[in-house]
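Chemist: Given next are the chains, with one letter for each unit.
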Amino acid sequence: MTTSQPSTAAKPWDTPDAVPFMQIKNITKKFGSVVAVENVSLDVYKGEIFCLLGGSGCGKSTLLRMLSGFEVPTSGQIIIDGEDQAGVAPYDRQTNMMFQSYALFPHMTVEKNIAYGLKRDGLPKKEIATRVTDILSLVQMDGFATRKPHQLSGGQRQRVALARSLVKKPKLLMLDEPLGALDKKLREETQFELIKIQESLGVTFVVVTHDQEEAMTLSSRIGVMNKGEIVQVGTPHEIYEFPRNRFVADFIGSVNLFEGRIKEDGENHVVIASPEAGTDIYVPYAVSGVEGQQIAIAVRPEKMEISKADLGEMRNRTTGTVDEIAYMGNVSVYHVLLDSGKRVRVSQSNRTRSNEDAPTYGDRVNLGWAGRAGVVVTA
Amino acid sequence: MGQQSRFLKIVALLGFIFLYAPIVSLVIFSFNESKLVTVWGGFSTKWYAELFRDPQILEAAWVSIKIALISATLAIVIGTVGSFVLIRFKKFRTKGLLSMMITAPLVMPEVIIGLSLLLLFVAMQGLIGWPGGRGMMTIIIAHSTFGAAYAAVVIQSRLVDMDLSIEEAAQDLGAKPVRVFFDVTLPVIAPALLSGWLLVFTLSLDDLVIASFVSGPGASTLPMVVFSKVRLGVSPDVNALATIIIGIVSLGIIAAALQISRSKKHGAER
Chain C
-19 MTTSQPSTAA KPWDTPDAVP FMQIKNITKK FGSVVAVENV SLDVYKGEIF CLLGGSGCGK
41 STLLRMLSGF EVPTSGQIII DGEDQAGVAP YDRQTNMMFQ SYALFPHMTV EKNIAYGLKR
101 DGLPKKEIAT RVTDILSLVQ MDGFATRKPH QLSGGQRQRV ALARSLVKKP KLLMLDEPLG
161 ALDKKLREET QFELIKIQES LGVTFVVVTH DQEEAMTLSS RIGVMNKGEI VQVGTPHEIY
221 EFPRNRFVAD FIGSVNLFEG RIKEDGENHV VIASPEAGTD IYVPYAVSGV EGQQIAIAVR
281 PEKMEISKAD LGEMRNRTTG TVDEIAYMGN VSVYHVLLDS GKRVRVSQSN RTRSNEDAPT
341 YGDRVNLGWA GRAGVVVTA
Chain Z
1361 MGQQSRFLKI VALLGFIFLY APIVSLVIFS FNESKLVTVW GGFSTKWYAE LFRDPQILEA
1421 AWVSIKIALI SATLAIVIGT VGSFVLIRFK KFRTKGLLSM MITAPLVMPE VIIGLSLLLL
1481 FVAMQGLIGW PGGRGMMTII IAHSTFGAAY AAVVIQSRLV DMDLSIEEAA QDLGAKPVRV
1541 FFDVTLPVIA PALLSGWLLV FTLSLDDLVI ASFVSGPGAS TLPMVVFSKV RLGVSPDVNA
1601 LATIIIGIVS LGIIAAALQI SRSKKHGAER
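In order, the protein sequence lines correspond to chains C and Z. So in our numbering, the last spot in the first sequence is 359, and the numbers never skip. So in our numbering, the last spot in the second sequence is 1630, and the numbers never skip.
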């Protein structure tokens, strides 16, 4: 996974005296008796691309709408660039939003769409014209200025929407599922362009998405949301490799979770008895827990080995039967039924064009993974 | 397959004959030489000439058009405001009642609307001295009232379909709510306003019952004049008048259809 690093400082969130550009303090939003966002606190630093990631109804869009002023928090505080946003109307905020539906004005040309915000600021005509031209070339849409939105393709509309929200040079740009309406190929291209544009302008981005791949590619940091709460904040690498709890482990990528109990709590290792995995699992680092405590090990499918041959060199080993194989081209995903009845996914990259020794349906196979491959999740 | 399509063709043909035969015969007989409406006496345009010499009809036509223009415009303004309140405002206590009340004139018998408005006008004149007597003003008020109900239905459906985020985007870019309404909402719902306006205009031109109730001396609309003429026996110049109206309405419908198909082709409706 590629991650874009903010241009200002390498990792401001790890620097103790760094001042956050946007602070969300204990924000709660209730709709009647339904709690949409519960006690969320978050710091976002200048120049970041921060992704709020979560399933539908997790409160991420509500949080975004509170940042842009369309919803009023039930309690809590939002501070952007040192200014408390309480009581500031959407049209007075120095933030802009790129809407999921793009929300282009259907009766205006591309040019007029982009110029609309600048006109509201009462800028001189000449400056408006230059800024519109500049932003159009930035999003590679020069030559489309006089088109109406309905004459554009989905990808082109997305660029116009981006240009319109960027042209006012907002302090904070919010993007609601920015690539959701594009097809896969276009989405991948646009992701990197979005990062390039963000880096060249230095605007802080807050992105809402349900697509974990999008979040991983775009963001400097990700905040994973579930049921109105932020469950983990971290870089894509941290979120993927060190999920803090079962929800994050399961939501980001796919994962095999083995439930078990701590059998041996050593100084620099633990052994977890997991009848589900059909073996004792060795973890080569200390875990805060007591013997007998219920615990789970998360192992990513790509970090496991599968073979008909013996995997003697692997620290953790178990056996099972191949139940299903999903061939995806670059990788094959094996669904292996362990003797405990637990289903395990193992992915193997297809390095050669055909492999005679590859396991097939119904084969007895050995599974193995290194001690450090698994992550202990307690919550 | 062929059998079925022939059957469908025959049914369609019968349907069209049923709908249009009376109109076609009316048009034909408007060019009748004879004074007797049902006997063909040769081709002539004399009834048209007669029509344009009849000051009563010309006067009534002018009154009707003035009333229709003003009440269609008023109805659209009232209908837009009403729809906006009903669709865009957050839920308030009397919202359900209000939305039922705004569409009530659609199902209320015209006689009752006419009678109740008449009683209201009389009572108001007694209390505050306005409107002074019955005439064009009272017909305009009556027509804008029931016209607003039709306009509200047309405009509401458009507002419901409209993507709210377009308005939010305008606000986000720095436009205050009033600006958003004029810059974004109004242009987007403009087609609905136009079709609502045309609808109310036609209804107003067409209305006989309500106008008869609330009209006074000196303010006779075209339908009222036609109706009183027909009561004395159908005269061929009414046929001529009807033919002219049909011609104008057809042109209007064709223009509207062209406009709609053009905007669809361009995908202006998104």
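Keep in mind the hints are simulated off the structure, nothing from the lab. Since the structure is predicted, the reported quantities are computational estimates derived from the model, not experimental observations. The reader is advised that the hints may include incorrect statements.
Unchecked claim - One side of the interface only, derived from the structure: several residues of chain Z facing chain C at Cβ under 7 Å:
#1 Leu1478
#2 Pro1491
#3 Gly1495
#4 Asp1523
#5 Ile1526
#6 Asp1532
#7 Lys1536
#8 Thr1545
#9 Pro1547
#10 Pro1551
Here a beta-carbon is modelled for each residue, glycine too, at the ideal position from N, C-alpha and C.
Chemist: If a hint holds in the structure, say so; if it does not, say that too.
Modeler: Comparing the hints with the structure gives:
Among the interface hints, the one on Z/Leu1478 is violated; its C-beta lies about 43 Å from the nearest C-beta in chain C, farther than the 7 Å criterion. Evaluation of the Z/Pro1491 hint against chain C yields a violated restraint, the C-beta minimum of about 39 Å exceeding 7 Å. Evaluation of the Z/Gly1495 hint against chain C yields a violated restraint, the C-beta minimum of about 41 Å exceeding 7 Å. Against a cut-off of 7 Å between C-beta atoms, the interface hint on Z/Asp1523 holds, since the closest Cβ of chain C lies about 6 Å away.
For Z/Ile1526, the suggested interface contact is upheld, since its CB lies about 5 Å from the closest CB of chain C, less than 7 Å. At a threshold of 7 Å, the smallest CB-CB gap from Z/Asp1532 to chain C is about 5 Å, leaving the interface hint in force. A least Cβ separation of about 6 Å between Z/Lys1536 and chain C falls short of the 7 Å threshold, and the interface hint therefore holds. Hint on Z/Thr1545 is violated. Least Cβ distance to chain C is approximately 11 Å, over the 7 Å limit.
Taking 7 Å as the C-beta contact cut-off toward chain C, the hint placing Z/Pro1547 at the interface holds, the least distance being around 4 Å. Interface hint status for Z/Pro1551: violated, as the beta-carbon distance to the closest one in chain C is roughly 10 Å, over 7 Å.
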